[in-house]
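Number of protein chains: 2
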Amino acid sequence: MKTAAPSVTQPRAIRVHDDDNVAVVVNQGGLAAGARLDLGVTLREDVPEAHKVALADLAAGDRIVRYGTVIGYARRSIAHGSWVHEGLIDPPQPPALADCPLATAPPAPLPRLEGFTFDGFRNADGSVGTKNILAIATTVQCTAPTVKHAVERIKAELLPRYPNVDDVVAIAHHYGCGVAIDAPGAAVPIRTLRNLSLNPNFGGELLLVSLGCEKLQPERMLGGGALKVLAGETSVAVLQDAEQGFGEMVAHIMALAEPKLQRLNQRHRVPCPASDLVVGLQCGGSDAFSGVTANPAVGFAADLLVRAGATVMFSEVTEVRDAAHLLTARAATAEVAQAFIREMAWYDEYLRLGGADRAANPTPGNKRGGLANVVEKAMGSIAKAGSTALMGVAGPGERVTQKGLVFAATPASDFICGTLQLAASMNMHIFTTGRGTPYGLAVVPVIKVATNSGLARRWPDLIDVDAGRIATSEATVEDIGWEIFRLILEVAGGRKKTWADHWGLHNEFVLFNPGPVT
Amino acid sequence: MKTAAPSVTQPRAIRVHDDDNVAVVVNQGGLAAGARLDLGVTLREDVPEAHKVALADLAAGDRIVRYGTVIGYARRSIAHGSWVHEGLIDPPQPPALADCPLATAPPAPLPRLEGFTFDGFRNADGSVGTKNILAIATTVQCTAPTVKHAVERIKAELLPRYPNVDDVVAIAHHYGCGVAIDAPGAAVPIRTLRNLSLNPNFGGELLLVSLGCEKLQPERMLGGGALKVLAGETSVAVLQDAEQGFGEMVAHIMALAEPKLQRLNQRHRVPCPASDLVVGLQCGGSDAFSGVTANPAVGFAADLLVRAGATVMFSEVTEVRDAAHLLTARAATAEVAQAFIREMAWYDEYLRLGGADRAANPTPGNKRGGLANVVEKAMGSIAKAGSTALMGVAGPGERVTQKGLVFAATPASDFICGTLQLAASMNMHIFTTGRGTPYGLAVVPVIKVATNSGLARRWPDLIDVDAGRIATSEATVEDIGWEIFRLILEVAGGRKKTWADHWGLHNEFVLFNPGPVT
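So the sequences go chain by chain: A and B.
Each residue of the first sequence is one higher than the one before, starting from 1 at the first, in our numbering.
Each residue of the second sequence is one higher than the one before, starting from 1 at the first, in our numbering.
Calculated directly from the structure, the hints in this document are not laboratory data.
Some hints could be false.
One copy or two, either will do: identical chains are not told apart, so a pair holds if it fits within one copy or between any two.
[What the hints assert, rightly or not] Here are the simulated lysine to any residue pairs, SDA-like style, with alpha carbons at most 20 Å apart:
#1 Lys367 x Val238
#2 Lys148 x Asp461
#3 Lys148 x Pro259
#4 Lys155 x Ser235
#5 Lys148 x Asp167
#6 Lys155 x Ala251
Source: prediction; values computed, not measured.
Please model the complete structure; the sequences and the hints are all you need to start from.
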């Protein structure tokens, strides 16, 4: 894609791989019948922006290839120059998990990258925060309004005296009671809450608010192991202990908060190597450009991070399921590949019990954005993971301590994925989007990368990086990859603010509870 | 229970039904071994407050009877005067649904109650609001922070000009995308969101915020039928239409809000008969007193409401499951009984798929509060439903239009139950609690009734009614029932504020999604 920048008014389509028999229209507003592509094909009909055009004549049943991979089969004959839309494509079966190759082609390590640093908050356990936040967690949802009331008062009355503390965040959620807490699925939300409270941005200080009679008692939520990992101190306020009503509850929470604010306020940013980053990758509102522009650029940045010794997590089971055979081959060891297969198999069964499968993933917006099905979406999605060996796999809500590229198994739902990546100990988040979403998290900065320049122009105060310049040849994948890498270091070090943080756009935590409510 | 008030320092225990072979200790702090109960039994060991004492010698396998119903079987022999704790009781099987009697004993109608009114906001469709709220609903969770940002600005900049509008509430939730929207379970959250937007407290005005590319598109959420029911107007803001970023999105939402505020501001409270009330009943943090004090008093108030022509909903499937045979017998028709059985069977299967059953319901707090198992909890819980015939059954998230006593099937989880009752068109909420919970809803007032006076004394600024006075014989079930009924009319008419509204303690909406996330 390193060509001289053409005028974007010339008809232009992108073919990703030499084997592809479809290409994606780049021009904003699409192209009209009769337009002659630089790939040597003339359009027989109008093709919308980001949608696919046939580069060859296809017979019914022929393989449709993008990213060098079969994304489906022609439902009927398709002449070259035709619009290859969703209705013309029969999706393939997902790769059989039993046949996936185990660590057959782990890539060799890339050259080590030295000398990149950011200013972070070093924790006693060695982890590094990118923000300095007082977290007030809850064991159970009924306490949430009380905690939010207390958080407002703490922000207004106490926080101004502690200028080194960035924020006070309530870890509120919908779990803790009215749930089948001994069901097999309960392990996931419980460990998520436990590990969420250990996020490096909380500095080892935790204030936990319990009602007193809930199913998820504080000891069960925290667990012995988790308490040992916590470098700082955990305080628990039990609302049902209040003898003088609501005022006493709020006063108690505020009294427990103050010494924590004092300790957090002692923290200062110090230079930390890029290897202290734990970067979570996600995409949302994807289009057909995601796999050509933003995701490959993030993949290049992921490789830079891995070369610098950092942890890079990718996630979203239903969006990698169709690429399972490629990822197991890339695993560093057979054990890692088997752990990956276990997570795929568990999710297959979870969906089956609910009467669904991975094909439930794509949205109307994905489809309007040119993504025909979950296979095409998956092939674009895994581009985020770059090219290095898969070093580890974590189940939903598990903590990640491994360096290098790690698969943290999560649903693809943006907020559940974000919450689970926070529990996995993420301290920076990269989010690529084609259709656009005003997504944000309170706990870590979220850098939003647009897959197309149209979105970046329309939403100048929400999008942090425009990767659409790759499609128009104004920049290369490598250019944008370096730009993202450098922006991560700047934002992690507190020298630059994301748009989501500028506006305070912070989505709620959403737990993944595969168990029933009662 | 109409006896002269004894000193609460005298040993006292309550036997609910003549057939009961256990009674519940009333004295705060419990009773010590040697205490002689007014029921003629001397304690052999210490028994905590609200826990059960054996009134007769029981052999292993003997039936343990409370509320005239078998709540379990003695695990070993139990001498009279012993503490009958959870560990001594084997729970019974739930009633077989196939054997439940169909409408065999519907109670005769009680005398009609006339002349009770409250000042409500009358809607064009005949429903009546107890508050006058501008609702800003979302189709999908990613828009929530943008909506909350807009709501804050509307409250600060626009609301002061519209003094007859009580509040602006964001109907935010975790559904809409990243979910298997065609799975069988998806019908429940979708119809819940649709019916939630029709709650009478929103005056038929709805402002809906969509991202644009989400799975739950506005047309699908609202549906043709729902739009027809809406008396007022629905406006939809699509964030992805914004050409100039975040500022334009917020300005667009505010511009759509203003004419709605103008129309809502024209509304005034007018006298309405008590028959316009739609009262949702719920309990949370129950103890062994719940079924003796608060729930029977609420049941008496429910009978008064039914006599006045109102709708009274009770819910919480896992807490009525063990009383299914009693409720099907009370159904007005065989069809109503069969609809009730259908809801029970659906939930049995839902729990089975998740590896749980109804026994997953009780909490550690319930058990510390003396409730041995879900059977004992259920027998206390259904006391809320009073004594009238069961007139109708609604599935989770369905709208209730039936007058009289209705079962609205919901999980027992407080917030899910409250959200589903709001969707069912509730305009007043009664919540009984033994252990205590600082629960509240933004959309309708929540009257909190304590089952014991200890809680009412400890939480004077959270509990609205002390039903514990029944246990100490300071008041009768009828006294407290009338007090609750009159308080409902006062609060519904805007003449009195609940403690939850005083503090602004408003729990988030929580949708019931039996389908998988993707």
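Verification of the hints:
For the identical chains of this complex, Lys367 and Val238 are inter-copy neighbours only, at 18 Å across copies versus 48 Å inside a copy, given an alpha-carbon limit of 20 Å. In this assembly of identical chains, the alpha carbons of Lys148 and Asp461 lie at most 20 Å apart only when taken from different copies (18 Å versus 28 Å within one copy). For the identical chains of this complex, Lys148 and Pro259 are intra-copy neighbours only, at 19 Å inside a copy versus 31 Å across copies, given an alpha-carbon limit of 20 Å. In this assembly of identical chains, Lys155 and Ser235 lie within 20 Å of each other by CA distance solely inside one copy; the values are 19 Å within and 35 Å between copies.
In the homo-oligomer, the alpha carbons of Lys148 and Asp167 lie at most 20 Å apart both inside one protomer (13 Å) and across protomers (18 Å), since each shortest distance falls under that limit. In the homo-oligomer, the alpha carbons of Lys155 and Ala251 lie at most 20 Å apart inside one protomer (14 Å), although the nearest pairing across protomers, at 27 Å, exceeds that limit.
Checked against the numbered hints above, the structure breaks none of them.
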